[in-house]
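First to last, the sequence lines map onto chains H and L.
Mapping the first sequence onto the working numbering, position 98 (from 1) lands on 98, and the numbers just tick up by one.
For the working numbering, add 1000 to where a residue sits in the second sequence, where the first one is 1.
In short, the hints are calculated from the structure, not lab data.
A portion of the hints provided could be inaccurate.
[Stated by the list, open to error] Quick list of in silico lysine to aspartate or glutamate cross-link-like pairs, EDC-like style, CA-CA up to 20 Å: (1) Lys206(H) <-> Glu1057(L); (2) Lys235(H) <-> Asp1238(L); (3) Lys1338(L) <-> Glu1159(L); (4) Lys1265(L) <-> Glu1068(L); (5) Lys1302(L) <-> Glu240(H); (6) Lys227(H) <-> Asp1038(L); (7) Lys1236(L) <-> Glu1159(L); (8) Lys1338(L) <-> Asp1210(L); (9) Lys227(H) <-> Asp1210(L); (10) Lys1171(L) <-> Asp1238(L); (11) Lys1027(L) <-> Glu1068(L); (12) Lys1302(L) <-> Glu1003(L); (13) Lys206(H) <-> Asp89(H); (14) Lys1184(L) <-> Asp20(H); (15) Lys1205(L) <-> Asp1249(L); (16) Lys1171(L) <-> Asp1195(L); (17) Lys51(H) <-> Asp20(H); (18) Lys235(H) <-> Asp201(H); (19) Lys2(H) <-> Asp58(H); (20) Lys235(H) <-> Glu1049(L); (21) Lys206(H) <-> Asp1064(L); (22) Lys1265(L) <-> Asp1286(L); (23) Lys1289(L) <-> Asp1323(L); (24) Lys1027(L) <-> Glu1069(L); (25) Lys1027(L) <-> Glu1151(L); (26) Lys1338(L) <-> Asp1323(L); (27) Lys235(H) <-> Glu1159(L).
As the structure is a prediction and not an experimental result, all values here were calculated from the model.
Residues per chain are reported as follows:
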Amino acid sequence: MKVLAIDTSNHPMSVALVEDDQLLATTTLNMVCNHSIYLMPTIDRLCQLVKWSPTDLDRVVVAQGPGSYTGIRIAATTAKVLADTLNIDLVGVSSLEVVARNVLPMTTAIIVPFFDTRRGNVFAGAYQWKDGQLTSQIADQHLAMSDLLTQLAKIDQQVIMVGHVTKKLADQFEKLPQNVSLAPRAYGIPSTYQLALVGVDQPAVKEIDPFVPHYLRITEAEANWQKLHPGVTRKNYVREV
Amino acid sequence: MAERTLILAFETSCDETSVAVVENGTKILSNVVATQIDSHQRFGGVVPEVASRHHIEWITRCVDQSLEEAGVGYGDIAAVAVTYGPGLVGSLLVGVTAAKVVAWAHHLPLIPVNHMAGHLYAARYVGEFMYPQMALLVSGGHTELVYMPKEHEYEIIGETRDDAAGEAYDKIGRVLGVNYPAGKTIDEWAAQGHDTFHFPRAMEKEANYDFSFSGLKSAFINTVHNADQRGEQLNKYDLAASFQQSVVDVLAEKTMRALDRYPVKQLILAGGVAANHGLRTRLDHDMAKYHPEVGMLQAPLKLCGDNAAMIGAAGYVDYQHGDHAGMDLNAVPGLMFKRMEVK
Ligand SMILES: Nc1ncnc2c1ncn2[C@@H]1O[C@H](COP(=O)(O)OP(=O)(O)OP(=O)(O)O)[C@@H](O)[C@H]1O
Ligand SMILES: [Mg+2]
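Work out the full structure: start from the sequences and follow the hints.
Written out as structure tokens, the structure reads:
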């Protein structure tokens, strides 16, 4: 199975081409860059290197969020349109899970990947390796970093946090709870090889059209509107004309 | 059989997700438009993040349906065209990303299209273009007079210095309790009223081709607020008619003056506000009276708002001229035609 894996959820952009369980080519950019400019040229260059034509692809696996709204939209749009236009499999994987997988399966600790979302908030989830399978312990969510740390301090197990500690978050990492430690910096960079491997094992989505990023937050405008209009059940606000 | 060049066109610059298949830049084989108006009406205007989210929900359905309705497959397509600006960056990115993927997957050339050139080319479905040409482009974000010495060359000779005409319609509409986008309703009300308020005609007599609508908008809002404070209810039909008369007067007069200065073979009227009945009728009248030698094409009512068919028509011409983008094409939210110094 020829797999393309894409992750542009945050600052790093990563692409991998994987055949069965073999990594053939991967590129990660972690400069101040624009995913819209670099993603397709990177996919194109890697395919040329391994001599794949687009139609050789069997499956596209994408980090579906959470993450930067623009970032996850670029990856999800690329993945869903590619799957649709080539009529191939599409798989979405949590962007947090991708980073959690950087921590070795030998550990029994709770693994907590996190992404800074500014103003002291993070996207975070909790994962744990069980019999070689990474399992979700606490669902991916958006919360205050301080609340996350309070929650983690109460866990009766070792916790390893993985992610990029931005300047804004640095203070809170000075005084981590006793049972909580931070994985080295390199572990916070997503590996699309890992992403491809998870994606190979998972069933493809049944319908491509409804595939959207996992934003984990409704927009402010919609939140306000819902407060003012409780009980409105209309779901679809888009129509063909 | 005659050669046929099919363009698969994408448009997602604002709050419509649209994909079309266009033959030789002149024939619409399909034009699927999914509008988000009902969604943004909840907020009184387009919310960019909401718009981007809707685009990604609809993009593949629109692509598949447009191919199906056209009865063609990717093998029949010669090139992919996409609006890359101007517009909302998050919205543009969905279309640009999708178009790049389709072009890459099927080894097709990618043609970047200026959304305003797209609006202009909606008129191409009415008749052939002749040059030199002048266009009055009036939409939600733009009000400009564009001079085209020849095909594929665009020079702005005048534009709005503040609000666009459509924006002004939407803002005064809100004051009258009309939901976004208000243009169509105000146009209908205007037909039932009279210009009794005589609002200002900004920059009408100035020796340039620029526009301004914020003064008119303020005058309108003040009039309504002052009446409110007096507990007086003004006739909404007359308010609409007075507002529209002021807009149409300025647009028509400046356009006639531009045609005096720039002899052209043809005038084009396009953009969302080109659907305005008052404006269409007035230009018909003024052109017959002042410039009977100049032909006029008005974009079809159905193609005044955002749609991918117009992008396909413009993209076809760009394609003939060899415009190609690489896989690094990005959205350019502030894309503009060049401005010409007017003497
Ligand atoms: N009959 C009408 N009379 C006046 N205005 C109208 C009419 N119909 C639509 N409009 C206005 O047209 C605008 C929408 O046009 P359009 O879709 O071309 O704008 P846009 O795509 O948002 O902006 P732009 O094309 O400048 O980027 C709205 O402001 C709407 O109120
Ligand atoms: Mg428009």
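For each hint, the structure was consulted:
Taking the CA atoms of Lys206(H) and Glu1057(L), the gap is about 15 Å. The hint holds against a cut of 20 Å. A distance of roughly 38 Å separates the Cα atoms of Lys235(H) and Asp1238(L); the hinted pair therefore is violated under the 20 Å criterion. The straight-line distance between the Cα atoms of Lys1338(L) and Glu1159(L) is roughly 11 Å, inside the 20 Å bound, and the hint therefore holds. A threshold of 20 Å between alpha carbons decides the hint, and for Lys1265(L) with Glu1068(L) the separation of about 39 Å lies outside it, so the pair is violated.
Distance check on the hinted pair: Lys1302(L) and Glu240(H) sit about 13 Å apart at the alpha-carbon level, within 20 Å; holds. Of the supplied pair hints, the one linking Lys227(H) and Asp1038(L) holds, its CA atoms being roughly 18 Å apart against a limit of 20 Å. For the given pair, Lys1236(L) sits about 29 Å from Glu1159(L) by alpha-carbon distance, which is inconsistent with the 20 Å threshold. A threshold of 20 Å between alpha carbons decides the hint, and for Lys1338(L) with Asp1210(L) the separation of about 15 Å falls inside it, so the pair holds.
The hinted pair formed by Lys227(H) and Asp1210(L) fails the criterion: a straight-line CA distance of about 43 Å is larger than 20 Å. A hinted pair counts as satisfied when its Cα atoms are at most 20 Å apart, and Lys1171(L) with Asp1238(L) qualifies at roughly 17 Å. A C-alpha spacing of about 16 Å is found between Lys1027(L) and Glu1068(L), which places the hinted pair at or below 20 Å, so the restraint holds. Restraint check for Lys1302(L) and Glu1003(L): not satisfied, since their Cα atoms lie roughly 28 Å apart, outside the 20 Å limit.
Between the alpha carbons of Lys206(H) and Asp89(H) the distance comes to roughly 9 Å, so the proposed pair stays at or under 20 Å and holds. Distance restraint check for Lys1184(L) and Asp20(H): the Cα-Cα separation of roughly 57 Å exceeds the 20 Å cut-off, and the hinted pair is therefore not satisfied. Distance hint between Lys1205(L) and Asp1249(L) is fulfilled; the C-alpha atoms sit about 11 Å from each other, no more than 20 Å. Distance hint between Lys1171(L) and Asp1195(L) is fulfilled; the C-alpha atoms sit about 19 Å from each other, no more than 20 Å.
For the given pair, Lys51(H) sits about 16 Å from Asp20(H) by alpha-carbon distance, which is consistent with the 20 Å threshold. Note on Lys235(H) and Asp201(H): the hinted pairing is violated, with a Cα-Cα distance of about 32 Å set against a maximum of 20 Å. Taking the CA atoms of Lys2(H) and Asp58(H), the gap is about 5 Å. The hint holds against a cut of 20 Å. This hinted pair checks out: Lys235(H) and Glu1049(L) have alpha carbons roughly 17 Å apart, not beyond 20 Å.
For the suggested pair Lys206(H) and Asp1064(L), the alpha carbons sit about 16 Å apart, so the restraint of at most 20 Å is met. Restraint check: the Cα-Cα separation between Lys1265(L) and Asp1286(L) comes to about 16 Å, which is no more than 20 Å; the hinted pair holds. For the proposed pair Lys1289(L) and Asp1323(L), the alpha carbon gap of about 39 Å is over 20 Å, so the pair is violated. The suggested pairing of Lys1027(L) with Glu1069(L) holds, with an alpha-carbon distance near 14 Å, which does not exceed 20 Å.
Taking the CA atoms of Lys1027(L) and Glu1151(L), the gap is about 19 Å. The hint holds against a cut of 20 Å. Of the supplied pair hints, the one linking Lys1338(L) and Asp1323(L) holds, its CA atoms being roughly 17 Å apart against a limit of 20 Å. For the suggested pair Lys235(H) and Glu1159(L), the alpha carbons sit about 40 Å apart, so the restraint of at most 20 Å is broken.
The earlier numbered hints that this structure contradicts are 2, 4, 7, 9, 12, 14, 18, 23 and 27.
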